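Residue numbers (the working numbering), protein chains in the order written: chain A, 63 to 221; chain B, 2 to 249.
Just so you know, the hints here were simulated from the structure itself, not pulled from any lab data. None of these values were measured; they are calculated from a predicted model. Quick reminder that beta carbons are idealized off the backbone N, C-alpha and C, glycines included. A hint or two may mislead.
As the list claims (entries may be wrong) - Chain A regions said to be covered by chain B (calculated; three or more residues, Cβ under 8 Å):
#1 76-86
#2 170-179
Unchecked claim - Partial chain B-side listing against chain A, Cβ under 10 Å, derived:
#3 Val60
#4 Arg64
#5 Val66
#6 Gln68
#7 Gly72
#8 Glu74
#9 Val75
#10 Asp104
#11 Ala135
#12 Asp136
#13 Val142
#14 Leu221
Unchecked claim - With beta-carbon atoms standing in for the labels, derived distance ranges:
#15 A:Pro210 - B:Ser233: 39 to 45 Å
#16 B:Thr182 - A:Arg123: 24 to 30 Å
#17 A:Arg216 - B:Pro232: 41 to 47 Å
#18 B:Tyr116 - A:Pro203: 24 to 30 Å
#19 B:Thr180 - A:Arg157: 46 to 52 Å
#20 A:Asp127 - B:Ser155: 32 to 38 Å
#21 B:Ser130 - A:Asp139: 32 to 38 Å
#22 B:Gly81 - A:Arg67: 19 to 25 Å
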Amino acid sequence: MTIHRALGISVDVPRGWEAWISRMAPQPGDHVEEQHHPYLHLASFPLPPVRAHYGGGAVERMRPDDVFVAVLDFGPDAANTTLFAQSGLPRRLARSGFSARQLQRMLPGQLGSQHFCTVAGRGIVLYVVLGGRVALSTKVPMVNALLPSIVLTREGVIA
Amino acid sequence: MVIEAVVLLGLGFLVAGLLASYSGLAERVRRVEGRAPQQSIRPDAFALSPASGLSESGVTIARLVGQTPFGDEVVLPSAGVDHDLLVAFLSSGCTSCGSLWADLREAKLPLLPEYLRLVVVTRGATDESPAAIADLAPSDVDVLMSTEIWDAFSTPGSPYFAYVEGATGRVVGEGTALTWTQVLALVATSSGDGTVAAGVGRDLAKPRSDRERENEVDLLLLNAGILPGDPSLYPTPVTEVTLRGEPS
Numbered sequence: 063m064t065i066h067r068a069l070g071i072s073v074d075v076p077r078g079w080e081a082w083i084s085r086m087a088p089q090p091g092d093h094v095e096e097q098h099h100p101y102l103h104l105a106s107f108p109l110p111p112v113r114a115h116y117g118g119g120a121v122e123r124m125r126p127d128d129v130f131v132a133v134l135d136f137g138p139d140a141a142n143t144t145l146f147a148q149s150g151l152p153r154r155l156a157r158s159g160f161s162a163r164q165l166q167r168m169l170p171g172q173l174g175s176q177h178f179c180t181v182a183g184r185g186i187v188l189y190v191v192l193g194g195r196v197a198l199s200t201k202v203p204m205v206n207a208l209l210p211s212i213v214l215t216r217e218g219v220i221a
Numbered sequence: 002m003v004i005e006a007v008v009l010l011g012l013g014f015l016v017a018g019l020l021a022s023y024s025g026l027a028e029r030v031r032r033v034e035g036r037a038p039q040q041s042i043r044p045d046a047f048a049l050s051p052a053s054g055l056s057e058s059g060v061t062i063a064r065l066v067g068q069t070p071f072g073d074e075v076v077l078p079s080a081g082v083d084h085d086l087l088v089a090f091l092s093s094g095c096t097s098c099g100s101l102w103a104d105l106r107e108a109k110l111p112l113l114p115e116y117l118r119l120v121v122v123t124r125g126a127t128d129e130s131p132a133a134i135a136d137l138a139p140s141d142v143d144v145l146m147s148t149e150i151w152d153a154f155s156t157p158g159s160p161y162f163a164y165v166e167g168a169t170g171r172v173v174g175e176g177t178a179l180t181w182t183q184v185l186a187l188v189a190t191s192s193g194d195g196t197v198a199a200g201v202g203r204d205l206a207k208p209r210s211d212r213e214r215e216n217e218v219d220l221l222l223l224n225a226g227i228l229p230g231d232p233s234l235y236p237t238p239v240t241e242v243t244l245r246g247e248p249s
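My request is simple: use the sequences and hints to build the entire structure.
Structure, rendered in C-alpha cells:
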C-alpha cells in the first residue's frame, strides 16, 4: 500500500490499484463564484484519462472482478444538510448494500453502493461500483480494508 | 580581389565571434533561470535496435507516482497488474521529442496492443513548466510529471522508453527512438509479440481540435450520466413521428 495525499484527501492505495486525486473542472454555465471541489477515484483496473466524476467512461470497461471507488466532495454548502446528515465516511460496506439500483447508470451485471455523509465540514459522497457479483467476495473486503485509510481534511474546501 | 578576401575573412571572424558569444550568453541565461540545459539523447548514442541496442536494466518499479500538468495527483500501478506499461520519457525542450509529441496529439501513434498501457512521463514541475507540458499533452494519453520517476528508471535523457512487465514490475526493455514506429520495435522485442511491429495508425486523419472537441463533449455527456449507446443519443427521426390529428 502507498499513501496518496493531495487536496485535503489521503488514502492508502492497495497494490495494483490506481488512484487519482483531482479537482472538478469548470463546466460551461458555471457561476463565476462556482467552487470546484476535489474528488478521489480508485480502481482495480486502468482508468481512461477522460471519465466523469461518477466513473462514466471507465465503468463500461470493468470486468466482473473489478471495482471502482469515487469519493466526491460537494463542499461546505452540502455539509450537514438532510441528505448529508450522516457524520463520517462509512468504515465498512455490507455486501447486502450493493444493488443495481444504486448505480448512477445501470450496466448489465454491475452493482453499486452510494453513501452521503459530512466529513470535516464537507458534504461527501462515497460511490462504489462492482463489475459483477464475483467482486462482492473478492473486492468488497478490499474496499472495507481501505475505507478507514481515507482521511479528509478541511484543506480541500478551498476553491 | 585581395581586399575582398580580407573583408570576407574579417566578416567570417565577426560571425564566428558573435555565435560563440551568443552560445555562452544562452548558457548563462539558463543558469540564471535555474534550469539545467535539456539533455537530449543523440540518436547515434542510444540507437534503438532490437538486435543490439536494447538494454534490460532489471530494475523493478511497483508504481508511478506523479502529477498531471493539470494538477491531478496520480498513482499508477506498474506491478501486480495484468497489463504491461510502456513509459515514454519526453520533455518540452528536446528537439527529438517534438515529432513524438506531435504524433501523440495528432493521433499518429501506431496502434498498441490491448495489454499495453502507454504513459508519458516528463520531469517534475521544478524542471518543466506544467503549462508547456499541458500544451503538448494529448487529451487521451496519461501524462505524468515526476523527476522521481525519471530517477527511479535512471533515465539518461529524452526521448527514452522503458517497457515494464505488469506481472512483476520489472523493466524488461529500454532504449531510445525517434519515431513511434521505432518504439514498436522495442515493444515487439520486450513483449516477445512479433505482431506488434505491424501496428497500424489509429484515427490517423482526425485533427487534434476534432479529438479535443469530442473529448469535451464526451465528458459533458458522461457527467450528465449519458453513456455510449444511450437511447437519447439516437432520437426517432422526424419523418417517423406521427403528428396528432394527421392520418397515419
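Failing hints, ascending? Violated hints (numbers, rising): 2, 3, 10, 11, 12; every other hint is consistent with the structure.
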